[in-house]
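Chains as they are written, first to last, in my numbering: chain U, 1 to 502; chain S, 503 to 831.
A couple of the hints might just be wrong.
[To be verified] From the structure, some residues in chain S lie toward chain U, with a derived Cβ separation under 10 Å: (1) L576; (2) C577; (3) L667; (4) V740; (5) D742; (6) I746.
[Unchecked claim] Simulated pairs of lysine to aspartate or glutamate, EDC-like, Cα-Cα distance not exceeding 16 Å: (7) K597(S) - E183(U); (8) K597(S) - E119(U); (9) K597(S) - E636(S); (10) K597(S) - D83(U); (11) K310(U) - E723(S); (12) K669(S) - D83(U).
[Claimed, not checked] Sample of chain S residues lacking proximity to chain U, with all beta carbon distances greater than 12 Å (derived): (13) L534; (14) L543; (15) A547; (16) L700; (17) W715; (18) G721; (19) L774; (20) S777; (21) V827.
The hints are simulated quantities; they were obtained by calculation from the structure and are not laboratory data.
Quantities reported herein were computed from a predicted structural model and do not represent experimental measurements.
C-beta atoms are modelled at their ideal positions from N, C-alpha and C, and glycine is treated no differently.
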Amino acid sequence: MARQQGWFALILALAIAAGALLASFPLQLGLDLRGGSQLTLQVLPAGAVKSVQKEQLDAVKEVLDRRINGLGVAESTLQTVGDDQLVLQLPGEQDPSRAAAVLGTTALLEFRAQKPGTEQQMQGLLRLKRQAQAVLNQKKAKAAQADPTGQPEPAQPQVTIKAEELAASLASLGIQVPPGSSEADQLDLLLKAVNTRIVELYEPAQLTGKDLTTAGRQQQQTGTGWDVTLSFNREGGVKFAQLTQGIAGTDRLLGIVLDGRSISEASVGPEFKAAGISGGSASITGNFSAEEARDLEVQLRGGSLPLPVKIVEVRTVGPSLGADNIRTSLAAALSGLFLVAVFMLVVYRLAGVVAVLALSLYGLFNLAVYALIPVTLTLPGIAGFILSLGMAVDANVLIFERIKEELRSGNTLIRSIDTGFSLAFSSILDGQVTTLISCVALFALGTGFVKGFAVTLGIGVLLSLFSALTCTRTLLRVLMSYPALRQISYFIPVSQRSEGIA
Amino acid sequence: MANPSVIAQSANGRTGLFAFRVNRHRRQLWLLSSVAIVLSLLGMAISWLSPSIRAPLRPGLDFTGGTQIQIERLCEPSCADLKLGSLEASLRTLKLPSAEGEPAPALSAAAVQLLDGGRSVVMRLPSLSPDQAELVLNTIGPVVGETVPGDLSVDTIGPTLGAQLLKASLLSLLVSFVGISLYITFRYDRVYALLALLCLAHDVLITCGLFAWLGLVFGVEVNSLFAVALLTIAGYSVNDTVVIFDRIREKRNELKELPLADQSDEAVISTLTRSVYTSLTTLLPLIALIFFGGSTLFWFAIALSFGIVIGAWSSIAVAPTLLPVLSRR
Numbered sequence: 001m002a003r004q005q006g007w008f009a010l011i012l013a014l015a016i017a018a019g020a021l022l023a024s025f026p027l028q029l030g031l032d033l034r035g036g037s038q039l040t041l042q043v044l045p046a047g048a049v050k051s052v053q054k055e056q057l058d059a060v061k062e063v064l065d066r067r068i069n070g071l072g073v074a075e076s077t078l079q080t081v082g083d084d085q086l087v088l089q090l091p092g093e094q095d096p097s098r099a100a101a102v103l104g105t106t107a108l109l110e111f112r113a114q115k116p117g118t119e120q121q122m123q124g125l126l127r128l129k130r131q132a133q134a135v136l137n138q139k140k141a142k143a144a145q146a147d148p149t150g151q152p153e154p155a156q157p158q159v160t161i162k163a164e165e166l167a168a169s170l171a172s173l174g175i176q177v178p179p180g181s182s183e184a185d186q187l188d189l190l191l192k193a194v195n196t197r198i199v200e201l202y203e204p205a206q207l208t209g210k211d212l213t214t215a216g217r218q219q220q221q222t223g224t225g226w227d228v229t230l231s232f233n234r235e236g237g238v239k240f241a242q243l244t245q246g247i248a249g250t251d252r253l254l255g256i257v258l259d260g261r262s263i264s265e266a267s268v269g270p271e272f273k274a275a276g277i278s279g280g281s282a283s284i285t286g287n288f289s290a291e292e293a294r295d296l297e298v299q300l301r302g303g304s305l306p307l308p309v310k311i312v313e314v315r316t317v318g319p320s321l322g323a324d325n326i327r328t329s330l331a332a333a334l335s336g337l338f339l340v341a342v343f344m345l346v347v348y349r350l351a352g353v354v355a356v357l358a359l360s361l362y363g364l365f366n367l368a369v370y371a372l373i374p375v376t377l378t379l380p381g382i383a384g385f386i387l388s389l390g391m392a393v394d395a396n397v398l399i400f401e402r403i404k405e406e407l408r409s410g411n412t413l414i415r416s417i418d419t420g421f422s423l424a425f426s427s428i429l430d431g432q433v434t435t436l437i438s439c440v441a442l443f444a445l446g447t448g449f450v451k452g453f454a455v456t457l458g459i460g461v462l463l464s465l466f467s468a469l470t471c472t473r474t475l476l477r478v479l480m481s482y483p484a485l486r487q488i489s490y491f492i493p494v495s496q497r498s499e500g501i502a
Numbered sequence: 503m504a505n506p507s508v509i510a511q512s513a514n515g516r517t518g519l520f521a522f523r524v525n526r527h528r529r530q531l532w533l534l535s536s537v538a539i540v541l542s543l544l545g546m547a548i549s550w551l552s553p554s555i556r557a558p559l560r561p562g563l564d565f566t567g568g569t570q571i572q573i574e575r576l577c578e579p580s581c582a583d584l585k586l587g588s589l590e591a592s593l594r595t596l597k598l599p600s601a602e603g604e605p606a607p608a609l610s611a612a613a614v615q616l617l618d619g620g621r622s623v624v625m626r627l628p629s630l631s632p633d634q635a636e637l638v639l640n641t642i643g644p645v646v647g648e649t650v651p652g653d654l655s656v657d658t659i660g661p662t663l664g665a666q667l668l669k670a671s672l673l674s675l676l677v678s679f680v681g682i683s684l685y686i687t688f689r690y691d692r693v694y695a696l697l698a699l700l701c702l703a704h705d706v707l708i709t710c711g712l713f714a715w716l717g718l719v720f721g722v723e724v725n726s727l728f729a730v731a732l733l734t735i736a737g738y739s740v741n742d743t744v745v746i747f748d749r750i751r752e753k754r755n756e757l758k759e760l761p762l763a764d765q766s767d768e769a770v771i772s773t774l775t776r777s778v779y780t781s782l783t784t785l786l787p788l789i790a791l792i793f794f795g796g797s798t799l800f801w802f803a804i805a806l807s808f809g810i811v812i813g814a815w816s817s818i819a820v821a822p823t824l825l826p827v828l829s830r831r
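Here chain U stands alone, though its shape is the one from the complex (with noise of 0.2 Å):
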């Protein structure tokens, strides 16, 4: 009686300590439940690597992170995902497309300068590049004004590209332009390809972003535009005055160059050809918009990708559609399992009694494991919780059962109490071995949603062990020390007993 009275206290204990840790701790809900957006990325071999290793995905998720900091995004969470994939989730009403297009670029910096003899060439695309330019912007504008927010349009003077015009500078490019596009499209093929030939004028980079220290901002003081300003380490300053220097008073010019792309042409004046521009900074004169210039920034700050990523997967749920799947879902669980514990005190009667203390007991240890280690709950995770509280349920049946059987054939109640355990041992341990088998492979080779699945079915399975053999099993034990309770109508009906006697 005295182990009996010592595992109760245990169970007391551990109750008291799971309700302890359940308020303290609070459970981790998934996106699918709480809403929010799940962005997965791909990390693409590029270059010498032919396939992404360990330290690379390491080394993007240590860049992503950075920007994502820099974003200042409330609670995200990056992972990784297998051996190329990056799972970032945003929770709450926070717009996955910012974020996407902050994670989604290289940011790769590079200062180039213009190769000799290349100024005829630079000037004509040069030229192209600010038309097509100003001719986007007030196209911009306009649909800005559009919105039926908008203010009335103000006077502005008219840029205009001739329809043949752009017609001839996009074949002098070689662009095939897709029929049917509007002038904006034809105007970013122009644009884009234009950044290219640019490029293509510079000299190989000497200078990059990784000689940076950091990144800032600053309003123009002159119109409206943005400038990003940066600081480079001592090396790089070194480097930023031999660069300068060694176009200063040409008419060649000192490229920007992000990702591939030509995003600030400028001239050194010939002051600076004797030292170079000296002190480490400069600022890049983009026009850029206030967000953008802020986007820049926090690439920059971050770093640039060591290897280029692609966005495979957004998932948005709303909040509210979250919420209101975890309310109606979690309502209708409740009713069921009041309908199965309604069912075992039936059924079962006095054990039964024992066996809804004993489940709800497993259910609280559930969840207190699931705050402690902690399990981010989701959809899947809770199948996977049903299903081991079935087998929970399953185990407390067998038992049951077994006492039946034994009580039927005219044992005593607590022989056949005894007994019934010991006989129903077997079965309850192979059926949740197999389980705990699949668990493992699950949770070792599957993605995502198995592996929650797999989490929950497994904490279940092991803990479901423990409640039917320890907490059901003391819990009778004791229910069974006090005499008035010893009694075999509160197990079966006695009409059942006489049949086994004869």
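Starting from the known structure of chain U, arrange chain S on it as the hints suggest.
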């Protein structure tokens, strides 16, 4: 058959109603299972041949890739009229900018559905970048009218992701099959392991068959939750079968003089109450989910409930009746 009448009597005396001897009726039981399997295979074959599906089951977004946008409309007091045609027309006129150097997808193939009496709009589009998806939302905004703030979901799945998911799930299932059969071989016998896997395949196949037909008739799609349901059914099936095996092993020691068929029958009779009760208690929360749960879990709960019923069936009617046949060889 040493003394069948005595056994039948003892069984009858014990459990009355449940004294059904499965091995006596095994041909009928096998016929039922075979018909279900043939129907399932037929459903999947038709589904495979149907030009709009081209797969054994109608694959959802998780497996095909693409973008799905779901919008909940504000319906207080009643929904403003919404014509599918005007929605589709506004999509068709929309020209998307290209993203990341890839050509912009055409929206002419977009599929638009109205659910819950026009309360929610579901659009299935080719894979869109976040910018493009926002453009689509802005375009259809005026057509759809007022929406419930916060109730918007935009899912984009890359085309290779579905294949990856399928591969990982199948591989992990395969490994767990091997592990389970090793364990059962170790604890019981090779034949038992084979039977457990046969039952498992039976349960998963027939559940897939049901969803193949649901896909054909009602357009029900399978998503990753369906895959979770199959995993759950697989776990349940093995657990259910193993309990009966345990009892058969016990009966073989208890009733040594009887043939295996009778030993199996006895085991089924003694565990039948347990099988029915366990299935019932597992079904109760699922049935509650079907009738009162959220819409996302509806088909999931259907798949699980069906799989549990089939799992109980196979552990009662298939495993104990095949065991004597396979053990003889």
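Which hints from the list above does the structure break, by number from lowest to highest? 1, 2, 8, 10, 11, 19 and 20
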